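Spelled out, the chains give:
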Amino acid sequence: MVSMQTSSGPSDAQHGLVSRRSVLRAALLSSAFIAAPALLAACAPPTTTVATNKIFRVGWKSDIDTLNPLTTVTTEAVEVQSLIYDTLMAYGLDLKPEPSLAASTVAAGATITYTLRDGVTWHDGTAFTSDDVVYTFDLIAKNSLGVNAQYFSDYVSAAAPDAKTVVVTFKRPQAFDPGLVVPIMPKHIWSSQSVDQIQKAANDKPIGTGPFTFKERKQGQSVSVTRNEKWWGDKPAAAGASWTVYTNDDLMAQALKNGEIDIIPQVPPTVFTGLQGETTLTSESLDSFSFHHIGINLSQVPGSKGNPLLLDKGVRQALGYALDRKQIAEIAYAGFASPGGSILTPSLGDFYYEPTGDAVIDNNPEKANALLDAAGYTAKDGDGIRQTKDGKPLAFRIIAISTTSTDVRTAQLFQATAAKVGIKLDFATVDSDTMASTVYNVEAPDWDIFVWGWDSGVNDPCYLLGVPLTSQIGGNNDVFYSNPAYDALYDQQATELDHAKRVAIVMQMQQMFYEDCGYLVAVYIKKLQSYGNAGWANLTAVPGGIIFNFTRDNYLKATPAGS
Amino acid sequence: MPPLLRRVLVLCASIFAVLTFNFFLFHIIPGDPIRLIARSQRLDPEAVARLRTTYGLDGSLPEQYGKYLSNLAHGDLGYSFSLHENVADIVGRALLNTLILLTVSTLIVVIVGIAIGVFAGSRQGTRSDSTTVVTSLVFWSLPTFWVGMLLVFIFGVWIGGLPISGITTPNAVYGNWFQYISDIGRHLILPTLTLAIVDIAFFVIITRTSLLEVMGEDYMLTARGKGLSRRTMVWKHATRNALLPVVTASVLYISALVAGAIQVEVVFSWPGMGLLMYNSVMARDYPTLEACFLLTSVAVLVANFCADLIYRRLDPRVTVGT
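Keeping their order, the protein sequence lines are chains A and B.
Numbered per our numbering, the first sequence spans residues 1 to 563.
Numbered per our numbering, the second sequence spans residues 1001 to 1322.
Note that these hints are calculated values from the structure, not bench results.
The model shown is predicted, which means the values in this text are computed figures rather than measured ones.
Just so it is clear, CB atoms sit at the ideal spot from N, CA and C, and this is done for glycine as well.
Just so you know, not all the hints are guaranteed correct.
Now the stretches of chain B that chain A is said to cover, found in silico as 3 or more residues with beta-carbon under 8 Å [claimed, not checked]:
(1) 1072-1083
(2) 1149-1161
(3) 1164-1170
(4) 1262-1273
20 Å max Cα-Cα, derived SDA-like pairs, lysine to any residue [unchecked claim]:
(5) Lys218/A to Val1091/B
(6) Lys200/A to Gly1075/B
(7) Lys257/A to Thr1169/B
(8) Lys230/A to Lys142/A
(9) Lys215/A to Gly1075/B
(10) Lys142/A to Ala1047/B
(11) Lys235/A to Asp516/A
With the sequences and hints as input, model every part of the structure.
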């Protein structure tokens, strides 16, 4: 069995105040791709850029949390670090794996062998060797350090038979190559520090092997990097990149119009509508790998304080029929989201399951009423709220994070449509810490329904499908869904090398989970990005974003506009 | 016990009470920050335990409190949840930026405020006096953030030309120190102007009221009887005495500003204490908030203490310890 080795995080508000999600610039190789021995030839793309003195300037709402790759959890920091540090493998503009520090990779059974690229040096001039890779892998795996530690649960050892080769051994074949996500760190700089020191290190002068060297950070304001003239790859046209924090969306939009910044990777819907009309800007509404959902407490532990009526699949399906996803996409998200359904996002291509015909559980009050009537839940005492035969009302608590206005609006809209079928939802907002400690209280979950989200961050179904696994109760499984048939299918697809067969299993899993209504996936969120036409050209719009995506290639391949 | 020593002891006791309150305030808030940090990372229990230790959240509440006090004694303000760095370093940088804004704006606000206050007070009942008072009251009642946003709109969108965000220009390359300082100076203009528009009025009103009181004193009549010029009377005799309450107000004003002019810093993205506190609240970064609150409380306590001492020196009728 191929163990589940995926990356990603919970999707937070689009407002980017604090990125609660662990936003990993990672992606999965498909099982078929890597479980079989695979050789990726080092083939550098043709040079298309000419080095210029122009800076690639980004504006965003949140500052990076840290420059230390072993403690960071924010998208912003991972974005900056991805230009300073290299990984062994990297994602291209097609979101497919390409060689990076490793010129080639061979996966055979439970080992992965990386042959490293020649002539790579650290930003301080020291030569990069296989010892650096072994050090980095060991450090993360043996100390469970940082967001990438999750890819090392089957890690056994890494060895460097020579300066250009690294052999990594796992307990079993790996569907996911950690080489895609782990920034390789310089042994000569970090090895003198203790784990405790490393965990507290600000790393304010990061040294990597990446295409850009660190220039400066002004906390709360900006970060900037400069082109690494000695980088092993094709030199980017940009002389550097900078990311400036704006506390106000309108100011940031104004700065884009004035040409003070070149691109905004996360434009709020209200501002985006205004920017779409500007002829000097290009505004893209792109598919993302995020959804927001309504989660239903399915815990059956003795301490659970969730309403037991929700364990009735009929009640959950009735809730699903009461939910008007189109209305939520249009009102709560101002149209910048598409109605949800399956646990996988449409951006995952042929893996995505779209229910049709009678299978659709959405915006159908008649069907909700019929289901509830048939099950004997009727409204008796004139308040319009249905009750069980012994008088228990169909009344549930629903919670959402107060600062995530889209979730709050979703809950309110859901409250209104549920009331129409005789289900009462009592809505309360909580802060994010309380949400986490309430929802993830495995022994005694004291909640009924929540609104929250997930962000896959990987171009493979493994991560999102893995959320509701029984083995993830206490981990990512936030609704305590447990279905042995689903779990078995998960293991099957993780080892299925034939793409078509894997797709079929993945479809079956999605269908199963959709029908069980543990999650009511409300919307798939769009990623809204705008850039100035006078700034940079040759930017490729890819699902997940031009920048702020698994791939850093748009930074590297952008050319000055008009050149 | 000498009165001064008693004062110092009271000050220390107050600071201790504040930091104890501060600690418990943030530790009894419901929610588990570690659970949130660990969401989706699939950490093993050992790694979660280490996270708790790193953030000082292991052990019972009294244990954590003991550790907090001992760390504090060593100058360790904790480790930030959101910025993954020692809080002392973060707060140090923010405080420096706030002090730059604070020094410039306080000087302008206090000096201009006193000058206008004396101008109005010495012309009691005239049209210029009533105009000054009404204008001051109007400006004083304006919400600071609104004035800031108005200035951003005027200078950022309409007219342009003045920086509206940050402390320096992003990506700027400086040829020398002068260019660097003048860049900061340009960024200071709008935040300072915002503070000045709203806060000058406070000093105008205080100075004017205090001056009017002094002008009614008998010795002012004597001064007039001696045939002193109006200018000498107002500036040499009245103003100096009228400044006593202004001194107290100034010291307290400075102490309040150590918290950063929160609204101004947020509107103009000025990376000082105010913006840090705002961001920390948004990120629920308790260690940083704890440190910010501690610093601002101590600043107020110490400023009060200093105000007492200064007042006593300026006015010997007031004795410490009475």
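Evaluated hints:
no., hint, in the structure
1, 1072-1083, "holds (count 3)"
2, 1149-1161, "holds (count 4)"
3, 1164-1170, "holds (count 6)"
4, 1262-1273, "holds (count 4)"
5, Lys218/A to Val1091/B, "holds, 13 Å"
6, Lys200/A to Gly1075/B, "holds, 16 Å"
7, Lys257/A to Thr1169/B, "holds, 17 Å"
8, Lys230/A to Lys142/A, "violated, 32 Å"
9, Lys215/A to Gly1075/B, "violated, 30 Å"
10, Lys142/A to Ala1047/B, "holds, 10 Å"
11, Lys235/A to Asp516/A, "violated, 51 Å"
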